[in-house]
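**Student:** Protein chains in written order, with the numbering used here: chain A, 71 to 366; chain B, -12 to 319; chain C, 975 to 1207.
Rather than coming from a laboratory, the hints here were simulated on the basis of the structure.
Just so it is clear, the structure is predicted and the values come from calculations on it, not from any experiment.
Careful: at least some of the hints might be erroneous.
Label-pair distances were calculated between CB atoms; the ranges are [what the hints assert, rightly or not]:
#: 1; chain 1: C; residue 1: 1149; chain 2: A; residue 2: 256; range: 35 to 43 Å
#: 2; chain 1: A; residue 1: 256; chain 2: C; residue 2: 1158; range: 26 to 34 Å
#: 3; chain 1: C; residue 1: 1031; chain 2: B; residue 2: 297; range: 35 to 43 Å
#: 4; chain 1: B; residue 1: 74; chain 2: A; residue 2: 260; range: 48 to 56 Å
#: 5; chain 1: A; residue 1: 219; chain 2: C; residue 2: 1107; range: 28 to 36 Å
#: 6; chain 1: C; residue 1: 1041; chain 2: A; residue 2: 260; range: 20 to 28 Å
#: 7; chain 1: B; residue 1: 297; chain 2: A; residue 2: 233; range: 32 to 40 Å
#: 8; chain 1: B; residue 1: 174; chain 2: A; residue 2: 219; range: 52 to 60 Å
#: 9; chain 1: C; residue 1: 1043; chain 2: B; residue 2: 187; range: 23 to 31 Å
#: 10; chain 1: A; residue 1: 228; chain 2: C; residue 2: 1038; range: 32 to 40 Å
Note that the Cβ used here is the ideal one computed from N, Cα and C, for glycine as well.
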Amino acid sequence: MTVTWQNLADGLALGAIYALMAVGIGLVFGVLRLVNFAYGQLVMAGAFALALASQWGWPLWTGIVLCFAVVLTLSMLMDRLVFRPLRGQSPAVMLVATFAVAFLLENVALLWFGSLGKIATSVTSLNRPWTLSGVEIRKISIVAVIVAAVCLLLLNQLLTRTEIGLHMRASSLDSVTARMLGVRADRVIGVAVLISGALAAIVAVMLTVQTPLVTPDFALRDTIVVLAGVVVGGLNRPIPATLGGFVIGFATGVLGGALPTNQSQYLPALVFAAVILVLLVRPRGLFDFSRTVERV
Amino acid sequence: MFRRVDELGAPALLVIATALLGTLVSVSTQTYFTDTLVKISIVVALYVFIGNSGVLSFGHVSFVALGAWTAGVLSVPAGEKPAIMPGLAHFLLHRHVGNVASLALAALAGGVAALVVGIPLMRLSGLAAGIATFAVLEITYNVLQYEDRIGPGLNTFSSVPETTGLRQGALGALVCVVVAFVYGRSRYGRLLRATREDDAAARAVGVSVYRQRLVAFTLSGLLAGLAGGLYVHLLALNVDSVYLDLTFITLAMLVVGGSSSLLGAVVGALAVSAIDSWLSVAENGTSLFGWHLDLPSGTAEIVVGVLMAVVLILKPSGLTGGRELRLRWRSA
Amino acid sequence: MTLVVEHLDVRYGGVHAVRDLSFTVAPGELVGLIGPNGAGKSSTLHAIMGLAPGTGSVRVDERELLGRRPEEVARSGVALVPEGRRIFAELSVEENLRLGLAARRAHAGVKQVFDGVYEQFPVLHEFRARQAGLLSGGQQQQLAIGRALVAEPEVLLLDEPSLGLAPSVVDVVFAALEAIKERGIAVLLVEQRAQRTVAASDRSHVLGGGELRLTLGPQDAGDTEKLVGAYLS
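Bound conformation, chain A alone:
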């Protein structure tokens, strides 16, 4: 197995993208205690919006605006129609419900676009390579890492320095006491859903640049792998969850590219076996070193 600079760059890019998805999933889990299986479908919807925009001949940036509009709308609809009525149900019911929504949306996409998918041609300009000290690396790999880092930094500032951020952190720790203190549950959830949606839109753009062919199961694979990473890292705490997403993305990206096909085909099985192992041995996650007791 030979690891090239491009492999490493790919790993970093995928890790960055998965880290963002992990944050998106983790934010909603924190305030709602709900794992959104359908998160990947938000990304898929955004990717299809980009593909449609390029099919209609729209300029790149208009397409990106459409992508954001579609994802944010869908995200808020999900909250209204699915999350809100399900509040207070058991985690199992919520999991099955979001699974149903994910399945539903995937089939809607199949119906609308067919299984062959569409190509978003407008974004391919970002996929061209740069040459750094003799090594060719695709632009998107660097851009993905930078964008992810900026997003995470901004989010951290929001959470630690603003009032709404404080309210969100408190809600994730103890939602009942937070409400008792006057924190508005609906507003906190709304903001979490909004940010989560924005992150999904960003991920949609970056994934589409990497893989311009958008198919209905576009992000389902990624959601499952990210979820595995988040659980392995530590679902209950934001930093371990993000780290988990990054690590699994990095590992998948590097190994997926560096391993010859006959060895990489069992990669998913190994990843999931590792997930089960972590769930059994360290149920709070590999990176969770906190002392507080949390409910999973």
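Fit chains B and C to the known structure of chain A by using the hints.
**Tutor:** Only chains B and C this time, still in chain A's reference frame:
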């Protein structure tokens, strides 16, 4: 336990009624009925674990798959094996068993696999159990995709003798229903349901939650394996037929019918099957009350998905509310 | 603002926790709610705060609070210091206090309010940057009260603030309650330490089996027989 035999009546009668109805239609339509009977078997298997324990499992279709693979590999005629399973391990190439034996072995495969998987996993609950069992599904899918020493890998499982007609389907479903009923009425079933209602209280009186869950999981794996055997003798399966789509639709059937009762499992399977089959037919063009309908393909899954989401949101206990139905013999 | 509770009835599933309870707390009054475990004291506070379902009437200044969501009750000027403190262990002391601002209706004067709380509980100022989980039980209790005061409530509810605290710390808590009462806030205190509560309160209601059994005044604090009798009735 036999005082409640009348609760077995409704599910069993529904199975028999379905089979009888199937004899009245054309041969091509009969496949839908037989498919429904196999789905009933799968959903009943799901109910045995999920319904009694309250713990979610996304992984049961793995046991269906293993059952299907076992029955399939052992019943494909020796001459055909190299064609669809070129990489098959040597000791499997020359093994061949009869129909009933293949079903029994399928059930055994499902049961053993469930036991092996259950030993570590039954300690988990809630979200962790959901994710872990999902991982089991993914691992099984991945392995069956590429391991061509034990099956057709990415190829379709054709040439399996098509022995699952209405009679075999109905018998299989009845076996599952009776086993599920006996288990549910037994001490094991009642102990497990106690843990579903109040975990802490059950532990406090000495119930071993882990052991009861393991028993139910293994039994449900056995039934799922049997269902897999029935399935492979009905349709030409491939890895994708025993993966996410099947997981989703069987879970939907259980949820819609009512996950805490045996009747719910059967009713759910029938209701969703009916809708799904009718919509699939409509996708090929049909007429309803004089209107010509030609639904785009994929509508069936969407409708079922919406139905499942709506039931979960509005009535999480399903159509039957988790209750059984007692059929009373009226005295003359 | 006067807190008026009328014919309050609280049921949890099959348990009838509070039966036909009625009492008032006027501004500047400290009213005690005492009684044995399971008497319905906490349930009363939870119902007022919107954390438990109840029927009857709970009003502040003629505004009906019963049936409203907790965050709405908080924003109406009622603050609860819950049993077990329930502070956010992973956030800093200052962040915990800032959370109390969520229920505050006025927007100006935040600095003065914080200064007031720091003056009342100097230890909170000293540890303001420290993680709240590292504070001692007594310090956390002061934080919980301080956090409620930041919202500048007109009605303050406390659920067993002296639970698990050393006598010297209990002194600090009761002294703080006295100061809070002087500021014109209506204080409802649920406690198990009957004698101390009866002595400090303008009047104390004894609950038993969800019902109001007896009302005691500060003069009854030394009468052990009466107290024991009230508890065991």
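**Student:** Does each hint fit the structure? Answer for all of them.
**Tutor:** Cross-check of the supplied hints:
The hinted range of 35 to 43 Å is satisfied by residue 1149 (chain C) and residue 256 (chain A), whose Cβ atoms lie roughly 39 Å apart. Taking the beta carbon of each, residue 256 (chain A) and residue 1158 (chain C) are about 33 Å apart, inside 26 to 34 Å as hinted. Roughly 38 Å separates the CB atoms of residue 1031 (chain C) and residue 297 (chain B), a value that falls within the hinted 35 to 43 Å. Taking the beta carbon of each, residue 74 (chain B) and residue 260 (chain A) are about 54 Å apart, inside 48 to 56 Å as hinted.
At about 30 Å, the CB distance of residue 219 (chain A) to residue 1107 (chain C) agrees with the hint of 28 to 36 Å. Our hint of 20 to 28 Å for residue 1041 (chain C) and residue 260 (chain A) holds, since their Cβ atoms are close to 23 Å apart. Look at residue 297 (chain B) against residue 233 (chain A): about 37 Å separates their beta carbons, and that is inside 32 to 40 Å. In this structure the hint that residue 174 (chain B) and residue 219 (chain A) lie 52 to 60 Å apart at CB holds, the actual value being about 59 Å.
Between residue 1043 (chain C) and residue 187 (chain B) the beta carbon distance is about 29 Å. The supplied range of 23 to 31 Å therefore holds. The hint said 32 to 40 Å for the Cβ distance between residue 228 (chain A) and residue 1038 (chain C), and at roughly 37 Å that hint holds.
Hint compliance for this structure: no hint is broken.
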